Amino acid sequence: MMTAAFHIARLEGRLALRKAHQLAAIGLFAICAVYLVFQADGFKQADAWAAQLWVVYLFSIFSAAGRLFDREQGPTRRYLQWAVQPRALIGGKLLYAWAMTGAMTLLVFVAFYLFLGVPEGSHISLGALIGAGFWGAFAMSTTVTTVTAIASQTQAGPAIAAVLGLPLLIPQLILCTRMTRELMAGVPWIASEHFVFLGSLGLGTAVLAVLLFPYIWRS
Amino acid sequence: MTGKLWKWGGIALLMVVVWRAFTTPMQPGLVASEVDKSLDIWEITLTSAGYPLDFNANPSDPQHSDFQLVLKSGDMNTGIATYCAEVTAVESHRIVGRFTPPDTLPAPSMDVYLMTPGAGSLMLRHAFSVQGSIQGLPAENCALGEEQPYLLPTTIPFQPTILETIRNLMFHVPMWFAMFFIMGLGFVASIRFMLSGDIKFDQRADAAARTGLLFGILGLITGAVWARFTWGAWWVSDPQLNGALVTVLVYSGYRILRASTADDDRVPRLAAAYNVFAFILLVVLLMILPKYNESLHPGKDGSPGFNTYDLDNTLRLMFYPAVIGWGALCYWIYKLRLRMIRVGRALINR
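Which chain is which? The protein sequence lines are A and B, in order.
Residues in the first sequence are numbered from 66 upward in steps of one, following the working numbering.
Residues in the second sequence are numbered from 385 upward in steps of one, following the working numbering.
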């Protein structure tokens, strides 16, 4: 199953690269959002800085991973239902979503670091910031993938993914913001409770997604 | 007959609880003190809340000798000095005393103890401080008197921070318990639907989520009222409150999910998967995360629960029936909702 999941993730990556303009549009959205925050010029304080970073990141990953199941309609869906185990499919989607949101992390966090710098007195390096971003990406991408999988089965369009996903992402956003603030205050990541909670939440969501997906995937 | 007994029994229990919650007086307790230091003899005025202080007082005694007002300074480390004041006036929620300020004290802050003839012993910590006092012992002119008998009728406990709003315990907490109970039923129903595909379990899950959402919203409203009184704001950023709000939002999402899917055959499966996800998140957000994060909310990390200090027997006699009563009402609403869903389904299929 793991091999199949890996192949699906690679296939997703290839298909995404073929439509490079879509990736560029997501990147453009992320950079514009960061620049808008830079122009607002009101986020020099560590708390507001961390919160703003993660809010920008949240909308960026929704753009990146919110249409993850758009291709699985009609004949493609029937083919996948016949050819691939549902758990392998969701596993592949989770892997791809993590890789995709990881790439978004690099883009958003580096842009944030370059435009806004870090607030005075904070002890966070760009490497630690990106590390926190990858961890947050892991937790959030699992939720976004699960919700997108459910939302794709409805006929309400992509808006339903945001409606279902935002409440689920609030606790993760809070944990991400607090984890970043702790890192900025000089707390080592290994001593951060929020780091552990965030990872547990991400892992738990991934396990639930793998367990529940077959029920929503069946026709 | 038995089928109706639990319904009407629960409602009767709830009515008794509501009646008792609003009619049982609160124990008296000291809430504020003011000291007039402009003269050689200082005057202290204490304000109380709850049952009147002059309960069982002798109205023909101008000396108010049945009251004893004692000031205490220091602790076990610095030494303790007790100092008596002369009670000069007693009203229902106000008492005035006079005393000569002591020359030396073990600590500048003073606690106040008030022994009353029927309402027990009342205490106010750090009632006032004595600026420029010389540290040292002894500085006492009396000792604490003997504990007076407590003659008040049934009262609810005095809790300095929440005062009369302690009555909300009979509404806010049981409502959340009821929500947990009914959401748990919905969770089990969703799992049974996923295992069997029997539509009746989906209907149960739907009815449970709707009822649970109602009780969740009621829990949020009663909690906000309590927060406004206790913490000074309708809403504060707190792990428990965040978890409660997210739970209500997630279950609102469940309703939207059901409503947004026109394809009837897909609804039960999608809703069951989402409900399982939502309930596990509810347990994590309301029961696990707040335990490990500092919280203002009673019973979470950093704040003791009611059962640690304040849930005395009077309160227990109201709280436990309230839990049963609200639980029964919640289950009744769930059963009615389930019947409505089934009737609606039967009409569509006709």
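Treat the hints as calculated values from the structure; they're not laboratory data.
If you're wondering where the values come from, they're calculated on a predicted model, not measured in any experiment.
Treat the hints with care, since some could be wrong.
As the list claims (entries may be wrong) - To give a feel for the contact side, a few chain A residues facing chain B, derived at Cβ under 7 Å:
#1 Thr219
#2 Pro223
#3 Val228
#4 Leu229
#5 Ile235
#6 Leu273
#7 Leu277
#8 Tyr280
#9 Ile281
To be verified - What follows is a list of derived Cβ distance ranges for each label pair:
#10 B/Gly728 <-> A/Phe180: 50 to 58 Å
#11 A/Leu171 <-> B/Ser493: 55 to 63 Å
#12 A/His188 <-> B/Asp459: 23 to 31 Å
In this text, a Cβ means the ideal position worked out from N, Cα and C, and glycines have one as well.
Now for the hints, and whether the structure bears them out:
no., hint, in the structure
1, Thr219, "4 Å, holds"
2, Pro223, "12 Å, violated"
3, Val228, "6 Å, holds"
4, Leu229, "5 Å, holds"
5, Ile235, "5 Å, holds"
6, Leu273, "6 Å, holds"
7, Leu277, "4 Å, holds"
8, Tyr280, "5 Å, holds"
9, Ile281, "5 Å, holds"
10, B/Gly728 <-> A/Phe180: 50 to 58 Å, "55 Å, holds"
11, A/Leu171 <-> B/Ser493: 55 to 63 Å, "57 Å, holds"
12, A/His188 <-> B/Asp459: 23 to 31 Å, "40 Å, violated"
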